[in-house]
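For reference, the chains in residue letters:
Protein chains: 2
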Amino acid sequence: MKALLVVAHGSRRMASNDEVIKLCERLQEEKGEEEFDVVMAGFLELAQPSIPEGIDECVRLGAEEVVVLPYFLSAGRHVSEDIPAEVEKARAANPHVSIQLAPYLGSAPGVSRLLVELAEGGERNGHSTE
Amino acid sequence: MKALLVVAHGSRRMASNDEVIKLCERLQEEKGEEEFDVVMAGFLELAQPSIPEGIDECVRLGAEEVVVLPYFLSAGRHVSEDIPAEVEKARAANPHVSIQLAPYLGSAPGVSRLLVELAEGGERNGHSTE
Numbered sequence: 015m016k017a018l019l020v021v022a023h024g025s026r027r028m029a030s031n032d033e034v035i036k037l038c039e040r041l042q043e044e045k046g047e048e049e050f051d052v053v054m055a056g057f058l059e060l061a062q063p064s065i066p067e068g069i070d071e072c073v074r075l076g077a078e079e080v081v082v083l084p085y086f087l088s089a090g091r092h093v094s095e096d097i098p099a100e101v102e103k104a105r106a107a108n109p110h111v112s113i114q115l116a117p118y119l120g121s122a123p124g125v126s127r128l129l130v131e132l133a134e135g136g137e138r139n140g141h142s143t144e
Numbered sequence: 015m016k017a018l019l020v021v022a023h024g025s026r027r028m029a030s031n032d033e034v035i036k037l038c039e040r041l042q043e044e045k046g047e048e049e050f051d052v053v054m055a056g057f058l059e060l061a062q063p064s065i066p067e068g069i070d071e072c073v074r075l076g077a078e079e080v081v082v083l084p085y086f087l088s089a090g091r092h093v094s095e096d097i098p099a100e101v102e103k104a105r106a107a108n109p110h111v112s113i114q115l116a117p118y119l120g121s122a123p124g125v126s127r128l129l130v131e132l133a134e135g136g137e138r139n140g141h142s143t144e
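Residue numbers (our numbering), protein chains in the order written: chain A, 15 to 144; chain B, 15 to 144.
Bear in mind the hints are in silico, worked out from the structure with no lab data behind them. Only a predicted model underlies this, so the values are computations on that prediction, with no experimental measurement involved. Mixed in with the good hints there might be a few duds.
Here are a few chain B residues that face chain A, going by a calculated C-beta distance under 7 Å [what the hints assert, rightly or not]: (1) S30; (2) E33; (3) R40; (4) V81; (5) P117; (6) G124.
Just so it is clear, CB atoms sit at the ideal spot from N, CA and C, and this is done for glycine as well.
In isolation and in its complexed conformation, chain A is listed as follows (with noise of 0.2 Å):
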């Protein structure tokens, strides 16, 4: 059984928390069949579940593979220091299960294809949809 823990920053702002849960549900409900069992958010700092958390519920959902994947932009120090660190400590703590640390989204070579389909819809009609 194979997770994906989608890690945001966290904000106080709960809806900027909700976007990001609200994108793990349209997530499991799209591609959940396909390659992932699970799909839930996890946050580094000020909302719940920590990473900790959310690797151990998807443990506890019998994941034996979790993949965790940064939702940042930039590869700032919590990028590059401190989700790689929650991940080696949930790693020691969870010796049988298979936690990996995938890419963060603004690495994607598919975000410029993505900013392009954005910008052409706002030009053709201004919409706002979504």
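Guided by the hints, dock chain B onto chain A, whose structure is given.
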């Protein structure tokens, strides 16, 4: 002539600003000819060019249309108030230019697809390509 101004928050950490600038350079190379003649980065705070400076530069280069795209993951105050206010001011200052505000990156339906692509790549081989 059409320009795309990708607006990030801006960081004291220059490498984060450079990531956005490089993304825009890549976007200009990859996609510029299809839809946008110019693709530039702009910053809300802490880095240059600012949003008005970026728009002015697009206009100086000959843009009759500028699409401003917030490079943000959540719809906080910066996305809902600060960037629209800057766009309003820029419209008033450039009445002969069409200045459109595109949806912010985190609102793109394609973000979920991108996350799964990244997670699958990360899961298969732990890569950090790019």
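Cross-check of the supplied hints:
no.	hint	result
1	S30	holds, 4 Å
2	E33	holds, 5 Å
3	R40	holds, 6 Å
4	V81	holds, 5 Å
5	P117	holds, 5 Å
6	G124	holds, 5 Å
Taken one by one, the earlier hints all hold for this structure without exception.
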